[in-house]
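**Student:** Position 136 (the sequence shown) corresponds to 1034 in my numbering; numbering is contiguous.
Any given hint could be a false lead.
For lysine-lysine, the following BS3-like pairs were computed, each having C-alpha atoms within a straight-line distance of at most 27 Å [said to hold, decoys possible]:
1. LYS986 x LYS965
2. LYS976 x LYS986
3. LYS976 x LYS965
4. LYS1015 x LYS986
Distance ranges between label pairs, derived from CB positions [to be verified]:
5. PRO903 x GLY935: 43 to 51 Å
6. LYS976 x CYS996: 14 to 22 Å
7. ASP989 x PHE917: 29 to 37 Å
8. LEU985 x VAL908: 54 to 62 Å
9. ALA914 x ILE960: 25 to 33 Å
10. ILE960 x PRO903: 39 to 47 Å
11. VAL1005 x VAL966: 13 to 21 Å
12. VAL908 x ALA969: 53 to 61 Å
13. VAL1005 x ALA945: 16 to 24 Å
14. GLU1000 x ALA906: 40 to 48 Å
15. HIS968 x GLU1006: 25 to 33 Å
16. ILE960 x ARG909: 29 to 37 Å
Think of the hints as simulated: they come from the structure by calculation, not from any bench.
Backbone N, C-alpha and C fix where the C-beta goes; we use that ideal spot for every residue, glycine too.
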Amino acid sequence: MKQVPWVARVRRGLTALLFAVVAITLWTPSDSRAEYGDIVINNYADAAGMRPAIFPHWFHRIRFRCKVCHADLGFQFKAGGNEITMLKIIDGQFCGACHNGEVAWSVENCDLCHSGKPNTPTQVHESTIQKLAVPVGQGGSKK
899 MKQVPWVARV RRGLTALLFA VVAITLWTPS DSRAEYGDIV INNYADAAGM RPAIFPHWFH
959 RIRFRCKVCH ADLGFQFKAG GNEITMLKII DGQFCGACHN GEVAWSVENC DLCHSGKPNT
1019 PTQVHESTIQ KLAVPVGQGG SKK
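Could you build all of it, start to finish, from the sequences and the hints given here?
**Tutor:** Next comes the structure, spelled out in structure tokens:
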């Protein structure tokens, strides 16, 4: 059975509308939570009355090679190993090298980064080591 051209256009329009509704529903802003592999940065945020920053490591990693951040920008390979402050970011260091309003959004959009749950410690969220190792002083027997 051959379709009439207007039927095909209506079907395509309804399909596009359905995709738009699903995309808007999934994008609804809410409190962000760190996901596996994200880095929670809270060296100074709680003390400054801000929420911890959530750095989506894998989102950045699929776009850039490791050396861009860890060699060119000087990030250490350790959560909490960098003295990142907003002043340094505004001066173009660390995240500020790209988050300058030209390459990526600038620092005026605080909630885009500072979206973590208050009092979440600096960590690589849900890393394998957190699942395998017993924290020092929290049980485990020496044999």
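**Student:** Is the distance from the Cβ of GLU1000 to the Cβ of ALA906 consistent with 40 to 48 Å?
**Tutor:** 43 Å Cβ-Cβ, so the 40 to 48 Å window holds.
**Student:** Is the hinted range of 43 to 51 Å satisfied by the C-beta distance from PRO903 to GLY935?
**Tutor:** With a Cβ separation near 48 Å, PRO903 and GLY935 satisfy 43 to 51 Å, so the hint holds.
**Student:** Taking the CB of VAL908 and the CB of ALA969, does the distance hold inside 53 to 61 Å?
**Tutor:** With Cβ atoms ~54 Å apart, the hint holds.
**Student:** Does 13 to 21 Å hold as the CB distance between VAL1005 and VAL966, or does it fail?
**Tutor:** Cβ of VAL1005 to Cβ of VAL966: about 20 Å, so the range 13 to 21 Å holds.
**Student:** Should the hint that VAL1005 and ALA945 are 16 to 24 Å apart at their CB atoms be regarded as holding?
**Tutor:** Distance hint for VAL1005, ALA945 holds at roughly 18 Å.
**Student:** Verify the CB-CB distance for LEU985 and VAL908 against the hinted window 54 to 62 Å.
**Tutor:** holds (56 Å)
**Student:** Could you see if the CB distance from LYS976 to CYS996 stays within 14 to 22 Å?
**Tutor:** Given a distance of about 21 Å, which is inside 14 to 22 Å, the answer is holds.
**Student:** Quick one: are ILE960 and ARG909 within 29 to 37 Å, going by C-beta?
**Tutor:** Holds: the Cβ-Cβ distance is about 34 Å, inside 29 to 37 Å.
**Student:** Mind checking the alpha carbons of LYS1015 and LYS986 for me, to see if they're no more than 27 Å apart?
**Tutor:** Holds, because 23 Å separates the two Cα atoms, which is no more than 27 Å.
**Student:** Is 39 to 47 Å respected by the C-beta to C-beta distance linking ILE960 and PRO903?
**Tutor:** holds (41 Å)
**Student:** Starting from the range 29 to 37 Å, see whether the pair ASP989 and PHE917 falls in it by beta-carbon distance.
**Tutor:** violated (42 Å)
**Student:** Do the Cβ positions of HIS968 and GLU1006 conform to the proposed distance bound of 25 to 33 Å?
**Tutor:** Since the Cβ atoms of HIS968 and GLU1006 sit about 27 Å apart, the hinted range of 25 to 33 Å holds.
Violated hint for the displayed structure: number 7, the only one.
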